[in-house]
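Number of protein chains: 2
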Amino acid sequence: MPTSALPHELQAFLAQPNPSVIATLTPEGEPHSAATWYLWDGGRVLVNMAATRKRLEHMRRDPHVSLTVLDRDVWYRQLTVRGRVTEIAGDDGLEGIDRLARHYTGESYARREDPRVNAWIEVESWYGWAGGAPWTGSR
Amino acid sequence: MPTSALPHELQAFLAQPNPSVIATLTPEGEPHSAATWYLWDGGRVLVNMAATRKRLEHMRRDPHVSLTVLDRDVWYRQLTVRGRVTEIAGDDGLEGIDRLARHYTGESYARREDPRVNAWIEVESWYGWAGGAPWTGSR
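Taken in order, these protein sequences are the chains called A and B. Counting from 1, one number per residue, gives the positions in the first sequence under this note's numbering. Counting from 1, one number per residue, gives the positions in the second sequence under this note's numbering.
With the rest of the complex left out, here is chain A (with noise of 0.2 Å):
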């Protein structure tokens, strides 16, 4: 996987409001995987979860974690970032996902009781893939 900075093709296609499936690993050691939001924001990507996230206690114990996200109507394009949380915040105004669903929905998120917390993954690895061919993208 490369490790030089994401190309940027794959940027641009990152900054979509894509489905995408982040991976964490669990206290035994093993991985889980969950649908998620995310936002690429400023060169880190930004999810969000309710506060009682496993997950976020996963990322709290380790912060490694791989985000894959798929093309929205490209079924075999796919983009796969890997890297460490390096960020986690108490999103108190919801201002993180409100963000993360007006990028994804258009409006605010509409479940306003429970806490929730933001998570910045700095990207240290990367690979794309499109129909059978590594997608490394234009610079």
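A few of these clues could be false.
[What the hints assert, rightly or not] Chain B side only, calculated, beta carbon under 7 Å to chain A, not exhaustive: (1) P19; (2) E30; (3) S66; (4) R111.
These aren't lab readings, by the way, just hints derived from the structure by calculation. For each residue, glycine too, the CB sits at the ideal point set by N, CA and C.
Given the structure of chain A, go ahead and fit chain B onto it with the hints provided.
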């Protein structure tokens, strides 16, 4: 996560050609994820990959995997199954990848040069999520 058998409704969901992402464990003990086709194959999950894929090495070393399946149409619905790869076998006649390709595309698999491998996953636990609440499915 429930460890009971998958309710009928969730099995019916798994039987559709949904987008999915599989998480495995790297030799360094980090999570790794990749988009994958899968097939609900009589109580086990079949995945198939080129024999050179990193995730095949991962499965041979540590059989724990997590598969998150997204709904093709309903963006907020997901089902994650976790378990172990209990069987790995060469896909010598490409029957495995052809089953998957027909399931997803209606046609046999186009690229027939590269050796491929089948892996079957026994589901040990699962969780479904649908629009802000657990999706437990009807039995």
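Taking the hints in turn, this is what the structure says about them:
1. Here the hint on P19(B) is kept, as its CB sits about 5 Å from the closest CB of chain A, short of 7 Å.
2. Hint status for E30(B) relative to chain A: holds, with the closest Cβ pair at about 4 Å, below 7 Å.
3. With a least beta-carbon distance of about 4 Å to chain A, the hint placing S66(B) at the interface is held under the 7 Å criterion.
4. Taking 7 Å as the C-beta cut-off, the interface hint given for R111(B) holds, the closest approach to chain A being about 6 Å.
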